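*Asks:* Given only the sequences and the hints, what does the whole structure look like? Please build it.
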Amino acid sequence: MSIATDQKSQESTFAHSAVALLSGLLFGLGLIISGMVNPGKVIGFLDLAGNWDPSLIFVMGGGVAVTTATFWLVLRRERPLFEKKFFLPTKADLDGRLLIGAALFGIGWGVGGLCPGPAITALATLDPSVVLFVGAMLLGMVLQNLVAE
Amino acid sequence: MENFTPFSALIGGTFIGLSAVIMLAGNGRIAGISGILGGALSSRGEERRWRVLFLAGLLLATLLYQFISSSPITIETQASPGFLVVAGLLVGFGTRLGSGCTSGHGICGIARFSKRSFAATATFMLFGFITVYVTRHLMELGI
Numbered sequence: 001m002s003i004a005t006d007q008k009s010q011e012s013t014f015a016h017s018a019v020a021l022l023s024g025l026l027f028g029l030g031l032i033i034s035g036m037v038n039p040g041k042v043i044g045f046l047d048l049a050g051n052w053d054p055s056l057i058f059v060m061g062g063g064v065a066v067t068t069a070t071f072w073l074v075l076r077r078e079r080p081l082f083e084k085k086f087f088l089p090t091k092a093d094l095d096g097r098l099l100i101g102a103a104l105f106g107i108g109w110g111v112g113g114l115c116p117g118p119a120i121t122a123l124a125t126l127d128p129s130v131v132l133f134v135g136a137m138l139l140g141m142v143l144q145n146l147v148a149e
Numbered sequence: 150m151e152n153f154t155p156f157s158a159l160i161g162g163t164f165i166g167l168s169a170v171i172m173l174a175g176n177g178r179i180a181g182i183s184g185i186l187g188g189a190l191s192s193r194g195e196e197r198r199w200r201v202l203f204l205a206g207l208l209l210a211t212l213l214y215q216f217i218s219s220s221p222i223t224i225e226t227q228a229s230p231g232f233l234v235v236a237g238l239l240v241g242f243g244t245r246l247g248s249g250c251t252s253g254h255g256i257c258g259i260a261r262f263s264k265r266s267f268a269a270t271a272t273f274m275l276f277g278f279i280t281v282y283v284t285r286h287l288m289e290l291g292i
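In order, the protein sequences belong to chains A and B. With the numbering used here, the residue at position 56 of the first sequence is 56, and numbering never jumps. Just remember that the numbering used here sits 149 ahead of the position in the second sequence, which is counted from 1.
The reader is advised that the hints may include incorrect statements.
[As the list claims (entries may be wrong)] Facing chain A, according to a computed beta carbon distance under 8 Å, are these residues of chain B, among others: (1) S157; (2) S192; (3) L209; (4) R245; (5) F276.
Don't read these hints as lab results, they were simulated from the structure. Predicted model, so just to flag it, every value in this text is computed and none were measured. Where a beta carbon is used, it is the ideal one built from N, C-alpha and C, also for glycine.
*Replies:* Following this line, the structure appears as structure tokens:
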């Protein structure tokens, strides 16, 4: 490999890493600003028959508005800035795994008020309940991986 | 609806949307947390590096917010430890089985007009509503 391409690949690796870190940072700040790191607020949305808090609709609405307005433009490019290709899900049809998985997730979400993003973001507060939840969530992921194999 | 915070919700949602666009345009990946986290557990090398950095960004967000903001981050977990473990197991297992969570299916999948993501988002929302109704109103578990 020539020195020029080696340097280019190092720059690309750096940019790739910076994008990942920045994306995570923005995502986490979004969850904190919107209050979605708080399981109480998420349960407030899911509790239609209680003191209903529609905030989560606005969080998803704001997020989906940005992604829907931009994804199609980004995907018109041949490739992303710092990768050889786009990595997009290839499955197109509904199946039992998808729906059963989403249902199990929905039940867990309703019980704990936490989904993966807020759980990891809130982990940095070292709140014991969140630490316990994340431990169980990681175990659930590993178990699914074992069952799938 | 005295807890309703539409403005901070919209601003936060916009941040999340921007995060997903940066990830797609820069690295060609879907900013789906369960996929990134699950992959970080099972992959090696380059594939693991960017995933770990993304997750570090999430943690860093909390530290940065605590450093610059005067208002604390509120976390009101209402479930007992036993229920939290059950919830965590279901969320971990379910999101991996169903190939995504609120971010991958909800924020990114809908923008790609993915039929699977619409179905998954409708399903986990529906089961979330039912679960909270059953636990809070029928069983009055107070979780």
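*Asks:* Does each hint fit the structure? Answer for all of them.
*Replies:* Here's how the hints hold up against the structure:
1. Taking 8 Å as the C-beta contact cut-off toward chain A, the hint placing S157 of chain B at the interface holds, the least distance being around 6 Å.
2. Interface hint status for S192 of chain B: violated, as the beta-carbon distance to the closest one in chain A is roughly 11 Å, over 8 Å.
3. At its closest, the beta carbon of L209 of chain B sits 6 Å from a beta carbon of chain A; the interface hint therefore holds under the 8 Å criterion.
4. Among the interface hints, the one on R245 of chain B holds; its C-beta lies about 4 Å from the nearest C-beta in chain A, closer than the 8 Å criterion.
5. The closest approach between the C-beta of F276 of chain B and any C-beta of chain A is roughly 3 Å, which is under the 8 Å cut-off, so the hint is satisfied.
Of the numbered hints stated above, the single one contradicted by the structure is hint 2.
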